[in-house]
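Number of protein chains: 2
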Amino acid sequence: MIYYETLSKDELKNEIEALENRYNAFKGQKLKLDMTRGKPCSDQLDICMDMLDIPAKDLRRSADGTDCLNYGVLDGLPEAKALFAEMLEVDANEIIIGGNSSLNLMYDTVARAMSLGITGEIPWSKQEKVKFICPSPGYDRHFAICELFGIEMITVDMRQDGPDMDTVEKLVAGDEAIKGIWCVPKYSNPDGITYSDEVVDRFAALRPKAKDFRIFWDNAYCVHHLSDKPDMLKNILTACKKAGNENMVYMFASTSKISFPGAGVAVMASSTGNISSIKKSLTIQTIGHDKINQLRHVKYFRNLEGITLHMKKHAGILKPKFDMVLEILEEELGGKGIASWNKPNGGYFISLNTLDNCAKEVAKLAQEAGVALTKAGATYPYGKDPLDKNIRIAPTMPPVEELKKAIEIFAICIQLVSAKKIMEIA
Amino acid sequence: MIYYETLSKDELKNEIEALENRYNAFKGQKLKLDMTRGKPCSDQLDICMDMLDIPAKDLRRSADGTDCLNYGVLDGLPEAKALFAEMLEVDANEIIIGGNSSLNLMYDTVARAMSLGITGEIPWSKQEKVKFICPSPGYDRHFAICELFGIEMITVDMRQDGPDMDTVEKLVAGDEAIKGIWCVPKYSNPDGITYSDEVVDRFAALRPKAKDFRIFWDNAYCVHHLSDKPDMLKNILTACKKAGNENMVYMFASTSKISFPGAGVAVMASSTGNISSIKKSLTIQTIGHDKINQLRHVKYFRNLEGITLHMKKHAGILKPKFDMVLEILEEELGGKGIASWNKPNGGYFISLNTLDNCAKEVAKLAQEAGVALTKAGATYPYGKDPLDKNIRIAPTMPPVEELKKAIEIFAICIQLVSAKKIMEIA
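For the record, the sequence lines run as chains V and U. Here the first sequence is numbered in our numbering, starting from 206 and rising by one per residue. Here the second sequence is numbered in our numbering, starting from 206 and rising by one per residue.
Simulated from the structure, these hints should not be mistaken for laboratory data. Each hint should be verified, as a subset may be incorrect.
Put simply, identical chains are the same to the list, so a pair is met inside one copy or across any two.
Taking lysine-lysine pairs in the DSSO-like style, the calculated list, with each CA pair at most 30 Å apart, reads [claimed, not checked]:
id: 1; residue 1: 485; residue 2: 565
id: 2; residue 1: 446; residue 2: 524
id: 3; residue 1: 485; residue 2: 334
id: 4; residue 1: 414; residue 2: 517
id: 5; residue 1: 334; residue 2: 416
id: 6; residue 1: 626; residue 2: 434
id: 7; residue 1: 262; residue 2: 446
id: 8; residue 1: 439; residue 2: 517
id: 9; residue 1: 610; residue 2: 439
id: 10; residue 1: 262; residue 2: 548
id: 11; residue 1: 589; residue 2: 518
id: 12; residue 1: 235; residue 2: 446
id: 13; residue 1: 447; residue 2: 237
id: 14; residue 1: 434; residue 2: 517
id: 15; residue 1: 504; residue 2: 262
id: 16; residue 1: 541; residue 2: 414
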């Protein structure tokens with residue numbers, strides 16, 4: 206183990222030369238490896254293919270006799286609501302089933318608040334300023350929604366147990382322009398951490414100055430465990446009810462990474478007050494989402510146990526990939542004082558921090574050797590990582606052999622950039 | 206044939222008595238007949254059921270090798286674009302494929318203009334006033350979108366060849382607040398008329414004062430013929446291009462009434478300039494719509510000819526219903542000078558006009574005898590038919606025997622209300 210900062214200039218030079226040789230050897234292979242997005246791999250999609258072979262005759266009628274081929278049923282089939290209510294630990298009447306994308310549900314929820322306002326408050330677009338709190342590193346697509354609608358983003362640090370709640374509490378209590386906060390509370394994107402019970406309780410007990418403040422609780426990875434001892438997340442809606450804040454949270458989830466990213470079922474959950482308020486404009490927006498696909502999912506998974514068993518198959522495919530990434534990172538970077546990273550129990554990412562001001566250079570170098578990473582900075586609002594240090598590793602998509610090469614190249618790039626940086630400073 | 210207004214008071218009394226007897230006989234049957242919405246009937250859905258039995262293995266990959274189960278392909282599979290481009294007579298690069306609802310695409314298009322504006326203009330929500338022209342009678346769900354977003358609706362009369370274009374031209378040229386017009390140009394809802402070539406050309410040649418004025422061209426019934434000699438609709442996008450107005454129109458359509466209302470594929474078409482502008486925010490809204498369902502539709506229909514053949518089966522089911530309605534209307538109401546109605550070559554509705562100030566009363570009376578009609582007034586902005594005379598008949602959903610009863614009751618109600626009205630005046 207070498208602690209880079211203790212090395213002499215000559216030792217550093219030698220190290221850099223050795224790394225450059227390894228780097229160039231990979232570069233010569235003209236690789237094309239993609240780790241940009243949290244996409245399931247082909248094997249993960251294979252295991253659900255038989256859902257698409259459920260015969261038409263079994264998809265025609267829902268349990269209550271509704272013709273699923275025809276119009277209607279704005280907020281989802283009762284059995285689909287029941288399935289997702291179980292998954293999200295809420296009541297079926299606290300559920301709205303959407304189309305195939307929870308991102309679209311989140312976008313719609315923000316868009317609706319912009320144009321129509323939330324439960325009688327002035328529409329956000331007519332308020333002087335609207336701000337969202339963005340615990341970071343976080344999910345770039347959340348931030349993109351804010352940016353599109355001109356919502357000012359306030360970065361708050363992520364800790365090992367969730368967002369920095371001291372700051373969150375102060376911000377929402379003091380500023381009426383703060384209307385929301387983005388959360389990925391379980392196996393967070395990208396850190397892979399799960400909010401502690403205390404953090405959830407502090408969320409539920411928030412006393413926002415704005416009546417139309419909402420927590421956007423994107424529970425994207427609620428059943429996406431990689432370990433037999435999965436993280437437990439306290440139920441935010443229940444906690445909000447206890448704290449007298451039942452209208453403060455919108456929960457989102459989908460089967461995008463359970464069944465199919467391209468043809469799954471998305472869902473949102475909230476208090477019955479919020480749900481009925483949303484349905485008033487939802488009924489103008491659509492007559493109803495795809496009920497056949499809802500029924501397909503219900504027939505296939507049946508209940509939460511069915512989903513849980515299915516997710517074990519996903520874990521069986523993903524865990525070796527995550528393990529391998531962690532092994533290589535440890536082997537290449539361990540003890541060198543140049544990078545730190547999380548070891549998540551679930552989700553889709555490994556978040557790595559380099560030395561300050563190295564992330565962009567690492568991503569650039571990796572790109573030049575044929576390894577596409579999520580854009581450095583993407584995990585922060587406006588794509589600007591203040592310390593230029595966070596990189597999101599998405600190990601799910603590439604086949605194991607490609608992933609191995611990609612991570613090795615990535616680790617070489619980190620060492621190379623770090624050694625040069627230390628050399629400059631020395 | 207009796208012309209009601211020529212009858213003496215005594216003759217009218219006798220007529221009313223006879224009608225009341227017939228009405229009460231039906232009322233005694235405690236019927237429950239629904240003609241409220243333009244929903245396909247069960248038989249129409251049956252003929253497409255086998256689409257849902259296409260094996261999973263045939264749905265995995267698009268022609269270009271894309272894994273349709275995974276994320277991506279924002280604007281639709283190339284083969285789906287090609288199919289709908291053929292149907293809408295546009296280029297494939299003028300197409301965006303949506304989810305299962307063209308209503309949702311229209312809603313999104315208005316919502317986007319409200320929040321984000323159209324190609325660089327000030328968002329509608331930040332403009333002092335936004336108005337839409339609503340040719341009426343028209344489609345209540347179009348009007349509902351305007352009402353939700355606080356868009357002021359200006360009623361313009363429908364003629365036998367389309368909207369009153371003299372008025373439309375004057376309005377859009379003179380008022381910058383007018384941002385849109387709703388059109389169902391083929392087999393219009395509810396009149397069943399198709400815009401003439403001249404009307405389409407006048408649309409294309411509009412010189413709106415507002416740069417962000419758009420024609421919302423809801424071609425919902427483009428292939429929904431009931432006759433072997435279908436109406437022909439001139440292509441608005443081509444006409445707009447010729448008139449130097451290529452960005453002025455958004456076209457919408459779906460397979461809701463081709464395949465499945467609950468699980469079809471929606472589509473919009475516009476100039477490549479508009480399409481690329483829409484995609485800039487669409488990419489924030491979703492990663493992509495359901496590609497499996499797109500592929501299912503492409504494999505099933507293959508091309509426009511496939512759709513056309515399929516639509517002949519629909520016509521085979523619907524034409525007898527339309528014929529029967531028209532026959533009963535003629536038999537009961539013909540020559541009495543109390544109602545007029547259209548004989549459409551396609552679409553989903555028969556539009557009927559009573560004497561002034563009779564429609565609500567007719568609907569109420571029908572309701573009391575167990576026949577639910579589309580709410581009287583619904584075909585006008587704000588649900589207010591200025592002359593209270595238009596009623597939309599939706600004959601597709603009920604089985605023939607039920608439809609027969611429903612229309613007979615309906616026709617009795619018209620006669621009864623008209624006779625009483627004439628009696629009052631006399």
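Fill in: Non-conforming hints, listed in increasing numerical order
Violated: hints 2, 4, 6, 7, 9, 10, 11, 12, 13 and 16.
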